[in-house]
Structures are given as C-alpha cells and as structure tokens.
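*Asks:* Below are the chains, spelled out letter by letter.
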Amino acid sequence: MTALDVLPIAILGGVLGLDVVSFPQAMISRPLVASTLAGALIGQTASGLMLGAALELIALETLPFGASRYPEWGSAAVVGGAIFASHPSHPAGAMSVGVVAALATTWVGGWTMVKLRQWNAAWAARKRDALEAGARGAVVSLQLMGMTADLARGVLLTAIAYTLLAPLATWCLAHWSTDSRLSRAIVVAAAASVAGGAAWKLFHATAGARWFFVSGLAVGFFFLFLR
Amino acid sequence: MTSAPASSSAAPAPSPAPELPFRTRLAVFIRLLAIQGSWNYEILLGNGIGFCLEPALRALPGGVHSPAFHQALARESRYFNAHPYLAAVAVGALARAELDGADPMRIERFRTALCGPLGSVGDRLVWAGWLPFCSLASLAVFGLGASPTVVVGLFLIVYNIGHLGLRLWGLNTGWTHGLRVASALGNPVLRRGPQQIGRLAALATGIAIPLALGRVIGPGRSFMGEVLVAVALGSFLIVRVQTRIEGWRLSLFVLAAVVLFSVIR
Chain A
8 MTALDVLPIA ILGGVLGLDV VSFPQAMISR PLVASTLAGA LIGQTASGLM LGAALELIAL
68 ETLPFGASRY PEWGSAAVVG GAIFASHPSH PAGAMSVGVV AALATTWVGG WTMVKLRQWN
128 AAWAARKRDA LEAGARGAVV SLQLMGMTAD LARGVLLTAI AYTLLAPLAT WCLAHWSTDS
188 RLSRAIVVAA AASVAGGAAW KLFHATAGAR WFFVSGLAVG FFFLFLR
Chain B
5 MTSAPASSSA APAPSPAPEL PFRTRLAVFI RLLAIQGSWN YEILLGNGIG FCLEPALRAL
65 PGGVHSPAFH QALARESRYF NAHPYLAAVA VGALARAELD GADPMRIERF RTALCGPLGS
125 VGDRLVWAGW LPFCSLASLA VFGLGASPTV VVGLFLIVYN IGHLGLRLWG LNTGWTHGLR
185 VASALGNPVL RRGPQQIGRL AALATGIAIP LALGRVIGPG RSFMGEVLVA VALGSFLIVR
245 VQTRIEGWRL SLFVLAAVVL FSVIR
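Those protein sequence lines, which keep their order, are chains A and B. If you want this note's numbering, it's the position in the first sequence, counting the first as 1, plus 7. If you want this note's numbering, it's the position in the second sequence, counting the first as 1, plus 4.
Here chain A stands alone, though its shape is the one from the complex (with noise of 0.2 Å):
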C-alpha cells in the first residue's frame, strides 16, 4: 500500500467525517453513503453499498442528540467500505473484519471529536477578549479554525486507520477459519439486533408504533419470502 492508495481515502473520510457535525450536516457521512463511497472509491460500488447496509443498520442506535458522546461514522464507514470492497470476491470473513475495522474506528474517532470540542473550547478561551468586543475576525476565524481542524481530524484518523487495518484485514482473511456463510450471518445478527434494539428505544413511547412496527414487519416477511 503507497500514500497514493490511503490518500483519497483519506479526503474521503475527512471530508464525510467534517459532516457528522461541523458542515453541512447533510448525512453524506452515514454509513450507508459513506461506505458506498468508498467502495465506489475503490472500483467496487455495490460492495461498499452491502458493508454500509450492515453498518447502518447499527449506526441507527448512536444518533447525534444535543451534546452527548456519539461516535463519528463518517470516518469509520469509509475505512470499513474501503477494507471490504478491497476484497471483491467476498471471501469468508471479509465482511466481519470490514465491520470490526468501521467499529473499532468509530469509537476512536467519538473520541477525536470529544478532543476536538475541548480544542474548540480552548480557542474560544484565548479569543475570549476579542469575542467580548465583538470582533468580527475572531468570530469568523473561530469558526473557520474549528472547521480546519475537523477536516484535518477526519482525514487522519482516516488514513491511520486505513493504513494499520488494512493489511491486518488481508492478514486476517488469509488465517480465516470459519465458514463463510456462518460468517457472515453473525455479523448480519449482530447489526440486526442493535437496530431492532434502537428501534424499540427510539419508539416505544409513540403511541400506537408497535401496531406499526408489527405491520411493517409482516410486509417486510412478506416481501422477503416472495423475493
């Protein structure tokens, strides 16, 4: 791997992960098109569409509510997309490791950003005087400083990222000694649950949702037998 294949994944990773938050919040950095991204990135679209399905599916649990600890998909799901698609022919285990990799990076870059937001914190300290007088530079370059400084986050943590799992993904499936089916039911059962789990948090307290639920879930089957 030369600094010529982690570097436009690494763009990548930190342009999506500046819109988890600071611009334009548009959700380019959900797994589902983060992840196709960096397939598409890699030549291979609809792999990267499969792994971010996946992700999505356990990205439903950490929505960015008010000042809470969330971790930074943007990032992530590109690292995760880029690793899988990387291994077109889908060998056994493929499919965990890209998640493992999204995950693992997910929770360092939550991190990233809670450091990030201390950072901000401290700029916005030393400006403290020039903000009080209302100064127009010190609010614009405020801003602009904490957008930099997202940008700059996200494309290293991507090509960190990137750049340690990656190979340790190829070494990973080269020692794979589990069935590739089971393989990647376990990995589908485990972000199937987190969403089915997130689903009854986020709407158990509607009124009338479970009734929804259960009929979504009969024309889900449904569709899925007649397929």
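These aren't lab readings, by the way, just hints derived from the structure by calculation. Idealized CB from N, CA, C, for every residue including glycine. Check before you lean on any hint, since a few could be wrong.
[As the list claims (entries may be wrong)] Label-pair restraints from in silico Cβ distances:
no., chain 1, residue 1, chain 2, residue 2, range
1, A, R217, B, R196, 13 to 23 Å
2, B, A261, A, R188, 13 to 23 Å
3, B, A31, A, G215, 37 to 47 Å
4, B, T116, A, A132, 14 to 24 Å
5, B, S151, A, S184, 28 to 38 Å
6, B, F257, A, A212, 50 to 60 Å
Given the coordinates of chain A, work out where chain B should sit on it, guided by the hints.
*Replies:* This is chain B only, laid out in the frame that chain A set:
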C-alpha cells in the same frame, strides 16, 4: 416549549418584516450549514450563532465598524444551545430583533428562552424521527434489490428535502416573526410531526430489517431461521442491558471475538 411564549408574548406586534437583501439571506443560509463549526463544551453553539448572523448585522447603521455592530455580534456569540437545524429559527428572529433595534435585555431573555424548545423539538423531529425514517426507508429499498445509486440517491434526496426545507423555513419564520417567533413554534409539523414520523419510522423499521437482512445474507439465505431467532434474542438483550453498555459496543466485542476465534483456531 412553553417558556418561550411566556417571555416573548409581551413583545409588541412587529411591524411587517422588511426585506432582507437576497445576498444577505443567502450568506446567512450558507453559514447556517456550518453553524456547528466551532461547537464546544463552553459556549456550545454560541459562536456559530454570531457567525451566521454576521452578514445580517452588517446592515446595522454604521456598518461593520460601528459600536452597534460590535455590541450585537458580542451579544450573539455568547452561549447558545439548540438543534442545529432549528437554530435557523433563532438566527432569523435574532437578525430581525437586532436590525429592529430591540432592547438588548429583551434579546438576552429571548435567547435564553429559545434554547430549550429549539433543542428538544429538533431532537425529537429530526434525530429521533426524520433521520431514522429516511435511513430505514432506504434500507428497505436496499433490501428490495435496488442499485447503489438508487439507495444512496433516495436517502440523500429525501433526507435533505426535510433538512434544507426545515432550515429555510426556520430562517424565514424567524425573520418574519422576530421576537414573537414562539407562536410559530406551534406549527403542526413541529407539534405533531415527531409522533407521526415516529409511527412511519416504526413501520419502516418493520419492513427494512427483514429485507435488509435478507439481502446482506445473500443468495440461498443460509442460516436465515437461526439469524431471525438470534436477532429477536439479541434485540431483547440489547434493550435489557442498554443502561450498562450500548449495542454497537457490544456488537464490536462480539464480532472482534469472532474474528479472533476464526483467525487463531
């Protein structure tokens, strides 16, 4: 949502909203997309509010070098908290109040009163409603076999119609109503929207989970029955242990253990 009307209902009826130049409105709108650019644990969204308002404040008498501009920008860059999309309501209303020359004390009270409602309504409407709904609807379409372009395009277009529409509505509503904007927060979409979208999202969850699961498992649907049983049990477990560990962390531990087992065995 009741604290805002209490503080602002005493405000006199605003005169008809003056026209804000299109370029200024556009600049404010674009800056709204970056409102959380310097989000931090001290002043939260505060600097972002000042950043978004700055193009509008240039219209104050004397322009950017006047004391009025500096005082207004300093006031607006202090602590503020709201949902990032619904913060547009605050930005519009505060721009109007500043340009109308409202009493600074009233503006301060107004800012304080607006934080809570804009945060809680936005969280319920967007993060707990619109986003999961769009995500799950796209997963259902994915499960039906749609191409990457259709799945991603559908998600981004539908989600952002709501996202950008809400920001635009918020900015216009805030500007039109000024300090009396609390009455506009009684909009049926904001009051009843979270419930309705929540029901639709529950429906989409039911449709999406089996379909997405079926497509990711792939042809032949190996272990489908076992997976369905595992999902039912796993969801139950995650709900039971939610106060101790989040589901995504639990799934990371489980999958990491599977990877270790599969590699070492």
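*Asks:* Hint numbers the structure violates, sorted upward?
*Replies:* Structure breaks hint 6 only.
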